[in-house]
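So the protein lines, in turn, are chains H and Y.
Under this note's numbering, residues 1 to 81 are what the first sequence spells out, in order.
Under this note's numbering, residues 82 to 507 are what the second sequence spells out, in order.
Among the clues, some could well be false.
What the hints assert, rightly or not - Selected chain Y positions facing chain H (in silico; Cβ < 8 Å):
(1) 122
(2) 204
(3) 205
(4) 215
(5) 218
(6) 219
(7) 305
(8) 463
(9) 464
(10) 467
Treat the hints as calculated values from the structure; they're not laboratory data.
The C-beta atom is built at its ideal place from N, Cα and C for all residues, glycine as well.
Read off the chains here:
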Amino acid sequence: MSESVSVRVNGKPVTVRAGATVAVAVLASGATCRTSVTGQPRSPLCGMGTCFECRVAINGEPQRRSCQVLCEANMEIEANG
Amino acid sequence: MDSVKHLRFDVAVVGAGPAGIAAALAAADSGKTVGLIDDNPAAGGQIWRGAQNVQRHSVSAVWLERLNKSAIQLVRGARVFHAADGELAAESDDSAIQISYGKLILATGARELYLPFPGWTLPNVMGAGGLQALVKSGLDIAGKRIVVAGTGPLLLAVAAYARKCGAKVVGICEQTTRPRMARFGMKMMLVPGKAAEALHFAYELRGIPHWTDCWPVAAFGNRRLESVRISRQGQTSEIECDYLACGFHLIPNVELPRMCGCQLKNGFVDVNEYQQTSVAGTYCAGEPTGIGGLELALVEGEIAGYAATNWEDRAKHLFPKRARYQTVVRILKAAFPLRPELKNLARPDTLVCRCEDVSHERLCEYTSWRAAKLHTRCGMGPCQGRVCAPAAEFLFGWQIDSVRPPLYPVRCSSLAAIPSHSVPRN
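Please build the complete structure, drawing on both the sequences and the hints.
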């Protein structure tokens, strides 16, 4: 598969390969996923939907596990790390 | 409000990894309706994550093609969060799903055990399987420096995979001892197919340092990982790296089996020779019954699928094959026991619960998991203790003895969709 898909992470355009997850787009953008309850930046730990560290807002819907959601064209991703 | 879907299957299988796929296919042989429910965006579980992109005729491609050609209904992106009275409640992105079934097969797989050490919450410190899952999901690691650490054969698989993807694997830190590792290698040679696998890994990993008696002591970095300090045979040294892939072997996902009432034995789901649990009509296959790897998961899945559709003779036919691979469970257990030094990695201010940011010193005030939860919120965040509870079990020796619905954080509308007769009464 050589096709790619473009999304925006915190307003910044990011292109990843088709079939990539939102977590991959966030990491590729250089952002971190979320801020912990005491203010620490966090990014994916488990990569498989268990740890909830990769939560971001996708198209305005908060608290989505970015490692379990595939990128779709023009997705707006907000990572608050 | 979200829509509510109602599904009914003769056989419902939860978990579309190898065990679940094998179970579903075996059950479908009987002509019964089979549903295969999974949280992930595609079937394959973690080991076959992203397998849609690999070459044809590989083991994963063959199984996934069989699944695609079958009449099995695959319910993807669905998290099962409640089970009661012969029904499962699940949630997908856009709907609540009520699933009723005749027989139930639980193939919920395993996750990694993570042990807290200073800096383990820094971005780019990931699970070993975690990094691999992200790479399979599209993460580009070409040219990145990676330290792989923890314990178990997964470290070798992850290191080999990372190198194949263009990463520079700086070293593999294995906490077990050299003699145990050597015994593990020799015993695995006797398991069908494993000698070839071992030689393959030896070739793929040539030139990469493999340190035994070695573990991470601390990770450093400003907002993301920059280096890791390791202890190697008592000496510490610091290594610069972009990723630390760190996992201390696998632990079974027994939350749903527990909620279904299945009895556990030594932390694993107790099953009879037909993979049936203590609950009549409910079966379990794969890692929740014992960490044994791909081949064992496949054969256990097939046995469960046949047994659940009353094909005992077909199931029985597979018993000798299962017995051959069950030796792997024992070999793994003997080779990678966690050493007590790992209990001392966490400093007083090291977080144990990453959801609620609860430190080690706060947990030290309590004598049980329940008391720690009630007073500190440890284990009460979104992951529901999936990360910190097994760590606390290792660090403090606490019994983690309860599961409560919902098993995952869910939308209110999904809770409202549960029929009143199966609403939890406690």
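Now for the hints, and whether the structure bears them out:
no. : hint : in the structure
1   : 122  : holds (5 Å)
2   : 204  : holds (4 Å)
3   : 205  : holds (7 Å)
4   : 215  : holds (4 Å)
5   : 218  : holds (4 Å)
6   : 219  : holds (3 Å)
7   : 305  : holds (7 Å)
8   : 463  : holds (4 Å)
9   : 464  : holds (5 Å)
10  : 467  : holds (5 Å)
In the structure shown, no violation is registered for any of the earlier numbered hints.
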